[in-house]
Structures are given as C-alpha cells and as structure tokens.
Amino acid sequence: MKSYARLALLSIAFILVFTGFAGSYALGATESEALDAVVAAEETIATCYRAAAEADGAGADVAELLRRLDEAGELLSKAELSYGRQDFDSAFDYSSQSVNKLTGLVAEAEILHETAVKEYYASFLVTTGGSAAGVAAVVCSGFVVWRLLKKRYGEGASK
Amino acid sequence: MSLEEHKVLFIVVLGVLVLFAASPGLTRLLVLPRTEFFTELWLLGPNHKAEDYPFNVTAGEEYQVFLGIGNRLGYAAYYKVAVKLSNQNQSRPDSFNRTPSTLPPLYEIRAFVADEDKWETPLTFSLTYNRDENQSHIQVHDVTLDNAQLNVGSFTSSWDSEKNGFYCNLFFEAWIYNTETSSFHYHERFVGLWLNMTA
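Chains A and B, in that order, are what the protein sequence lines are. Everything in the first sequence is counted per my numbering, starting at 1 for the first residue and increasing by one. Everything in the second sequence is counted per my numbering, starting at 1001 for the first residue and increasing by one.
These are calculated hints, taken from the structure and not from any lab test. Source: prediction; values computed, not measured. Some hints could be false.
[Unchecked claim] Here are the simulated lysine-lysine pairs, BS3-like style, with alpha carbons at most 27 Å apart:
no., chain 1, residue 1, chain 2, residue 2
1, B, 1007, A, 78
2, B, 1007, B, 1049
3, A, 78, B, 1163
4, B, 1163, B, 1118
5, B, 1080, B, 1049
6, B, 1007, A, 151
7, B, 1163, A, 150
8, B, 1118, B, 1007
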C-alpha cells in the first residue's frame, strides 16, 4: 500500500516537473531572447538577400529565392509586431520560422550564381564566336564567288 | 554590261550578309546602357483601379486597397514599406525635402522585387475609434491591417472645421536596403490615404 502511495507521489511529481519544463520551454521566451531572435532573423534575411542579389546580377533566375525571402520577410514583420506588443513568445516563434524558411538559401544562390556565370560565358562565346565565324564565312564565300564570276565572265568577254 | 559594273551591287549584298551574320554578336557587344533607374510605388482602390479609394470610413468596417512596387533599379531590391498613421498636425513625408515622416511605423512590410519586376499585395484595414464627450476629438484605439492588430498608442484626431471632419492619414513609405551600409534608407517614395472618420 505504501509503495503504491510512493509511486503515485513520484508520478505526480514527474508530471508536475515535466509539464513545468515543457511549459517553460513553450512559453519561456524572455524579452532579450526574443530580441536576439528578431535581430538574428534580420541578419539572416540580409545575408540571404545579398547572396540572391549577387546571383541576380550574374543573370540567374532568382524568382524562387525572392519568393522565399518574401515569406521570411513577412514572418519577420510579424515577429517585430509581436515584439512591439511585448508578445515575446510569438516574436521568438515568428523569428525562428523566418530563419527556417531561409535554410540553405545562400548555398542555392551561390550555385545559381556559378551556373549563371558559366552559362553567360558559354552563351557569349557561342554568339560572338558564331558571329565571327559567320562573318568570315560570308567574306570568304564572297571572295570565292567574285573570283569565279570574274574568271567566267572575264573569259567570256575575252572570247 | 560588264562584271565590273556589278561590283558595287555585289559589295552591298555582301555587306548586308556580313551584318546579318554579325548581328548576334553585335547584340551582345553593343548593349546600350540604361539611363533611368527608379522605383514605382502605387496604391490602388478595392477594384484594382486608381479610383474608389476609401475616404469616409466607419469604425470597425473593413476596407481594401492594393499596394504595389515596381523595380526599375537594375538589380533585385529589398524594400521595406513603413505603414504609418498621422493626424492633421503630425509629421508626414515631405516630397519637397525628400524626408520621411518622423513617426514610428505601425507595421513594416518587406518586399523583395527582381529588376524589371513588380510586387503587389492586397491590404485590408479597419480602424476602431470613438469620439470624446465634447465631440471635439476622436480617439483611435486600434488599426487592424490584414488581421494584425497594430499598436497606435494614444492617437487622436481633432475636428477639422475647414473640411468638416475628423481626418487621419494612413500612408506607406518606401525604404530600401543598402548592401554597402547594411541598413535601410528612405527611398523618397510614399503613397497614402486621407480618411474621414465618420460616426
């Protein structure tokens, strides 16, 4: 009987401690933690924007990256609003969601950037090289045609 | 007619063919530089046209507008649109001096817009307010923007005897992120609505 009572007490204590921890984890964002999270989200967005802008400058299609940045930006705006209303839990949560939206974006932007640079040079070489070859072909053909015409009509005139 | 008489014609035809062959390369080499770089900021009414803007508003009633940004800056830009509310006496953005309002933003909308692209979003807003006992002031308690309750503090608007109404100005300032300074700068663009808060 005594052991049952002890077990019940231990169970109650465990539940209380567990719910206490869980509660403090879920609702425990302090003002400074929320502020740090908002600042971190702002910096992450700025870093990702720089990477996307560089890829865009190289001619990459960054529409998907900008769409994700838009979503992250909206979450950051909500985080700032929550922080202003002293709802630090929501501010922390929105900031974390904002950062999560941008996971891997810098690496993706770098890949797009490199691909765009390679494609640009390849395309540049093909168009300028192709044009140069075309011009050379036209000039050479013209020269040959002119020589042939001159030979034929020149001989015809002499006869 | 001898062959020499057709020489000019031959050279002209050859020249045209040369230009034709060179045109793909020329389009890559002879790119005219863009000279005008700017941002468009617009506000449209509920029918997505520049008409029927909300003006006479009622407390608790929802109104819709469309906010848009067009990027012609030559690069993908990071914009922040500061949503602000002022009464007749408070600071508003100045087109002449190109300065923003000194009021703190109620909300900040972030937008990432590619070059030569546009961004647009519908905005639904409502105001909750009531008149004071003397009927000389209106106290705005809440501004709701897209279901987000914005903190307006102690915002009041006094009776405008010239225009016969209690007015407030809901406006949107465009700010742009500068990668060199890692900060936002006022982009000298704003749009807004004058609202007459009726009973």
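Margin query: Hint check: residue 1080 of chain B vs residue 1049 of chain B, CA-CA at most 27 Å. Holds or violated?
Written below: holds, 23 Å
Check: Holds or violated: are the alpha carbons of residue 78 of chain A and residue 1163 of chain B at most 27 Å from each other?
Finding: With Cα atoms ~36 Å apart, residue 78 of chain A and residue 1163 of chain B exceed 27 Å; violated.
Next item on the list: Given the hint that residue 1007 of chain B pairs with residue 1049 of chain B, test it: the Cα-Cα distance must not exceed 27 Å.
Entry: It is violated: about 62 Å lies between the C-alpha atoms, which goes past 27 Å.
Next item on the list: With a cut-off of 27 Å on the C-alpha distance, tell me whether residue 1163 of chain B and residue 1118 of chain B pass.
Entry: Violated: residue 1163 of chain B and residue 1118 of chain B sit about 36 Å apart, past 27 Å.
Notebook entry, point to check: residue 1118 of chain B and residue 1007 of chain B: Cα distance at most 27 Å?
Noted result: violated, 54 Å
Note to self: Against the 27 Å threshold, does the CA-CA distance of residue 1007 of chain B and residue 151 of chain A hold or violate the hint?
What the structure shows: holds, 14 Å
Margin query: With the threshold set at 27 Å, check whether the alpha-carbon distance from residue 1163 of chain B to residue 150 of chain A stays at or below it.
Written below: Roughly 90 Å between the alpha carbons, so the hint for residue 1163 of chain B and residue 150 of chain A is violated.
Notebook entry, point to check: Within a Cα-Cα threshold of 27 Å, do residue 1007 of chain B and residue 78 of chain A meet the stated pairing?
Noted result: Violated, at roughly 75 Å.
Of the numbered hints given earlier, the model fails hints 1, 2, 3, 4, 7, 8; all others are met.
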